[in-house]
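Q: Protein chains in written order, with the working numbering: chain L, 971 to 1269; chain D, 159 to 430.
Hints are computed from structural coordinates only; laboratory data are not their basis. Any given hint might turn out to be false.
Unchecked claim - Residues from chain D that face chain L, not an exhaustive set, calculated with beta carbons under 8 angstroms:
no. : residue
1   : A241
2   : L279
3   : L330
Quantities reported herein were computed from a predicted structural model and do not represent experimental measurements. A virtual CB, placed ideally from N, CA and C, is assigned to each residue, including glycine.
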Amino acid sequence: MSAWGWRRWLLIGPPFLWLAVFFLLPLGVVAAISLTQAADAIPPYTPLLTHGPNGLELQASLANYREIANGDLRAYGNSLVFAGVATVLCLLVGYPIAFAIARAPKAWRNPLLFLVILPFWTSLLIRVYAWIAILQPTGLLNRALAALGLINSPILLIYNDFSVVLGLVYGYLPFMILPLYGSLSQLDENLVEAAADLGARPARVFFAVVLPLSVPGIIAGALLVFIPAIGEFVIPDLLGGPGTLMVGKVLWQQFFDNVDWPSAAAIAMVMVAMLTAPLLLAQRFVERPHSSRMGANET
Amino acid sequence: MSRRITAFRAAALTLGFGFLYLPIALLVAYSFNASRLVAVWGGWSLHWYGALAGDDKFKDAALNSLKIGVMAASLALVLGTCAGFVIERFTRFRGRLVFSFMLMAPLVVPEVILGLSLLLLFVASQAWLGWPPGRGIMTVTIAHATFGSCFVAVLVRAQLAGFDRILEEAALDLGARPLSVLWRVTLPGIRPALVSGWLLAFTLSLDDLVVASFVSGPSATTLPMAVYSSVRIGVTPEINALATVFLGAVIVLVALAFSLIARQERRRLAAG
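Please take these sequences and the hints and turn them into a complete structure.
A: Here you go:
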């Protein structure tokens, strides 16, 4: 690295400035606009700074935040609960899959992994849309159940908690499987064999050796599911009903339907606050998987 | 614990992949349905593909999406490659912690926050600086390049971590300048990450509904935006046909790229 000298700033500069201007700075703008009020103007909010008799005056108000605190908080609760339940379900569904891939014959592993990643490359909108045809009252699942004689009249499978959580698990499962696979595929085979040789049954080997060693993968996967799921819009919008609002959809409605930009900005700030702790954790586990495994050798 | 397929593992894989792929398979199958009703099978037909071909709304939107995707992915490739190299090779510099946070956060931060925050930035900067002149293809491209570059950086970084540095060090010892080593030795060595990085940024751009809805203007409707406004009205076989074309194109593109990469890798291993 010493060979680089000042030249390294040629490489650091462009992405650093780009992300500072188009990721970090916008978050500051959101914070500022969240202190203004909606107005019938272009842009549709009151100015934060006005010219008064005493020069520039700051017109900041916490009204939007008060409105959120005094309003219906169900959407926030829903977001936390749905994202949490979906994370746990993704772990329960994804662990056996990741395990099976990690233990598959070598030639199978890459094709199987490719099949896990492939849905991620295709449109979430389309994949969620596919569930509507399956779940709706006249949909494929209800017809199949009726044809089998299991139900007499259609059961409600869509526009409720069930369909939203199902959609979240479906949409985010690959994000859980990949880091789990990462942990499980690096597992030292000798430890597993040693435990088995010492007489541990397969279940004991799993809970005493395999599971603890895959904790970094579990945490990384959980964060990759939980954080984006909190603010998910497409899934609650297409598969949810009025009783299954999530924050992402409330923000969308405030912005597009009510044209209340400051209130949408305040909701975004609340979301950022909700996500701060998991994001800082993610910085440690997702960003530097090696150092978290080997201990604090880089400080 | 051996490397083979037991009954349990086979069941996990079958059920897992069934869950991931069955909805997509049904969607594709029903795009060939002659019936207008979504869940009633009326025999095979290409009727909905004909209807789709005559629909200009989707054609214009698809063209916009392609333009944005190519520009955003190319921009993301340049930025993300620099970023991935920096974060993997420069272990100490002022601002590294902030840099690594800015690279990681867009991967997980909800899209509504990315979209809203960029829109508010564009609006404020238009009021103060007169730039950007309007919202449309350019603003969507900037937004997509931003999160795309973070994904490219992940792939570039992962491949650099497994890249043998001996060649780089040899070139440096022989007096080559670091930038030309990067250009002539390192980048060719991580070509698979560059190809898959561009492709990932491209498909992410092509798939994005939420961010584009915020930062686009009335002049530039992207394909997911057009699909979304139709989907809100209800499930129609024509959307099934469009989704099938879209999925097919992405899957063929991705599969092709990966098989090319795999073949190149095999040839490289055979040669070395």
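Q: Now tell me if each hint is right for this structure.
A: Structure-based check of all given hints:
no., hint, result
1, A241, "4 angstroms, holds"
2, L279, "4 angstroms, holds"
3, L330, "5 angstroms, holds"
In summary, the structure agrees with every hint in the numbered list given earlier.
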